[in-house]
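Model the placement of chain B on the given structure of chain A, informed by the hints.
Residue strings, one per chain:
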Amino acid sequence: MDIVVCGKIIPASTVTIEIDPATKRMIRKGVAHELDPAAASAVEEGLRLMEKVGGTLTLVTMGFNEITIGIRTALAMGATSAVHIFDDALAGSDTLATAKALAAAIGKRPFDLIICGTESSDSYSGIVPGQVARLLGVPPVTFATEMAVEGNTLTVKRQSESGYDVVEADLPALVTVTSGINEPRYPQLKGIMAAKRKEILQYSAADLGLAAGDVGEAGAREKVLEVGRPPRRDVGEVVEDDGEGGKRIADFLAEAKVI
Amino acid sequence: MMDFTLTEDQVQLRGEIRKVCQDFSDPYWREVDARGEYPEAFVGKLTELGWLAALIPEEYGGIGLGITEASIILEEINRWGGNSTACHAQMYTMGTVLRHGSEEQKRRYLPGVASGELRLQAFGVTEPDSGSETTRIRTTAVRKGDRYVINGQKIFISRVLQSDLMLLLARTTPYDELEDKTRGLSAFLVDIREAGDALEVKPLDMMINHHTNALFFSDLEVPAENLIGEEGMGFRYIIDGWNAERVLIAAEAVGDGRWFVERASRYAGERKVFGRPIGANQGIQFPIAQAYAHIEAADLVRWHAASKFDRGERCGAEANMAKLLASEAAWEAANACITTHGGYGLSVDYDVERKFRETRLLTIAPVSNNLVLAYLGQHVLGMPRSY
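Here the protein sequences line up with chains A and B, keeping their order. For the first sequence, the working numbering begins at 1 and goes up steadily by one. For the second sequence, the working numbering begins at 1001 and goes up steadily by one.
For reference, chain A alone in the conformation it holds in the complex (with noise of 0.2 angstroms):
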C-alpha cells in the first residue's frame, strides 16, 4: 500500500511566536522548526498500517528551508522518503493554494491512502485536507479516533458530539486522524542515522505546473486583514480566608454545579 502522509512542519514549540506586521503572517524564516505534533501523529498512524500491510510511506510537505529538520524526523520515525515543495513563489499561500501544490505534488504518484491531521499545531485553519480531497477527488473521512484498512476499504471511527459514528470509504481516500489516536514513537537514533540516506524530493512551483498567479501572496484569495490579541479576562474573585474561605469555594463550585 502507498500511503501519503501530509503534514506540516511548524515552528518549535520553543520558540515565541512573532507576527509579521506588514503580511500579517507568522514569521517563519529564520526560526527553529520541527514537526508538527499533529503530522506525528498522522505518520504514526500511517507507518502503524504500512508495518502491518507493507508498502511506502511518503510525507509531503511545504516550506522554507528550516523544515528540513522537521521532514528527517518523519523518516528517522520510518517514513520511506519524502517530498518537500519548496520555492520562494509560494510564500504567503492562503489554504486553498497551498492545497493545490500539495495535491499536485501527491498527484505525481499513485497511492492508496492519504493521512493528514485533523488540524495544524500552529494555524489551526483544518481546511487544507478537505480541499486536497476535492482537488485530487477521492473522499475525506474526517476526525478518525481509530482506522483501519481491510482490502479495499478503509474504516474509520469518526467523532462526533455524542459518541462516534463508524464510516467506511473506498481507497484511495483521504483521512485526517485526530492528535489522540495514537502516541507518536521517539525515532530510534538508527532511523536518525538511516534518514540521511533517504530520499527528499523537491518540488518548486514550476515542477507542479502552478503558475504564480495560482499562489503565493499574489495567488492567495484569502487575505488576513487584522491580528490581534484575545481580550483580557476579568481577573476572577480571590477569596480570603477568614476561616469560612473552604465553604465559600465549596459554595462558588455547587453554584457552578461543578461539585
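For the record, the hints were derived by calculation from the structure and aren't laboratory data. Note that CB positions come from ideal geometry on N, CA and C, so glycine has one too. One should not assume that every hint holds.
[As the list claims (entries may be wrong)] Dumping the calculated DSS-like pairs for lysine-lysine here, alpha-carbon to alpha-carbon at most 25 angstroms:
| no. | chain 1 | residue 1 | chain 2 | residue 2 |
| --- | --- | --- | --- | --- |
| 1 | A | Lys257 | A | Lys247 |
| 2 | A | Lys190 | B | Lys1045 |
| 3 | A | Lys52 | A | Lys257 |
| 4 | B | Lys1019 | A | Lys29 |
| 5 | A | Lys108 | A | Lys198 |
| 6 | A | Lys190 | B | Lys1106 |
| 7 | B | Lys1045 | A | Lys52 |
| 8 | A | Lys196 | B | Lys1019 |
| 9 | A | Lys190 | B | Lys1019 |
| 10 | B | Lys1308 | A | Lys198 |
| 11 | A | Lys52 | A | Lys247 |
| 12 | A | Lys52 | A | Lys157 |
| 13 | A | Lys196 | B | Lys1045 |
[Claimed, not checked] Just some of the chain A residues that point at chain B, by a computed CB distance under 7 angstroms:
| no. | residue |
| --- | --- |
| 14 | Val31 |
| 15 | Ile69 |
| 16 | Arg72 |
| 17 | Thr178 |
| 18 | Arg185 |
| 19 | Tyr186 |
| 20 | Pro187 |
| 21 | Ile192 |
Quick look at chain B alone, frame taken from chain A:
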C-alpha cells in the same frame, strides 16, 4: 579559525534527544530521587532507542558517533532536569574493551552492550585507601591456571546492581616489585551475574541518588580470557579513556548550568518582593548573568576539546580544562539559583535542591578539580609536581 557551529546532523540529534528528555519531566526525576530508585524507565527508553550505543562502532552493533555527539546527548539529559550519571557509563565504559580488547572480546560483548541486553556500566577502580592515587590500589588478581582469583575491596562503585558486567582494575604484580609504578595493574571484565557470594555488594547511603556501593571480593574467580589486553597494562588503558570522560562530564555540567540559569532567571522575573520582580535587583541579577557567562565560556572549551578528540588530536589540556571550567560554572549557577529562590530553593518541589546536590558531584568526580589543576600546572605549564 575555530567554528563550533553545530552541523545539521548534530542539530537534528539534539532536537530528537531533547524531545525524549523533555517527556521525563521534573516530577519523574523528583520521585525517583525521593524513593532512591534507579531511573529505570528513562534509562530503558534511552536504551531502546539506541542513544546509549552512540559511541559503539557500527560493526559491533552501535552507531559509531563521536564524542561531540555523545556529549550533546548527555548535555541534553542534564539540561532538561535529568541526571546523566544514571547511564553515562553504559555509553563509555565499553571504550576500554573497544580500544584494548581482543577481536573475540569485542564480538562477544559489544553488540550486547549496544542493544542494552548487556549492561556494562560499573567500573571498579577506587578503593578505601587509594582514591586519586590509582597506582596504589590493593585489590589483587592472582593467576591460577585458566583463572584469576580476585580478593580485596572497592568503594564508590556505581551502578553495580544495575549492571551485568563490571570493568575491574586489580593488581597482578605487587607494588614493591615494580620498577615502573604505573604497571602491575590489569583490567578485567567481571560477569556480576555469575559472581555469587564471592562478590558482596553493599549499597552506600549518599547525598545523591547515585546507586553507589562498597564491594568486597572473596576469592572471586574470573576466567583468564576476561583479561583485557596485556597483563600489567590496565592503568594505561584506563588513562586512555580519561579525556573522553572529561569532555562528557563537561557537557553534563554545561547542561546543569543551563538548567540552573533558566530556572533562576525565570523565577527572578516572576517573583515579586517590595513591589517589583527580585530580578530587578543587581544582587540577584548579576550572579545569574555572571554564571551564564562562565557556562558559555566553559562550553566553548568543551567544543574545542571534543572537536580535537574527534579529530584524533591530543586534547588532555582542553579536556581537563573543559571539565574544570564547566563543573565550576555549573556549581556557580547552582548557588545563584538557590540564592534567587531563597527558601523555595531548598524545597524539594522546586527541584533546585536536587540538581544542586547532583551538580556538586561534578567538581570532585570522576576526578577532583584540584587534581585537574595539578595536571595543568605540571603537565601543561611545566611547573614542579604539586602532590
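Point to revise | Hint numbers not upheld by this structure, sorted from lowest to highest | key: Of the numbered hints, 3, 10, 11, 14, 17, 18 do not hold.
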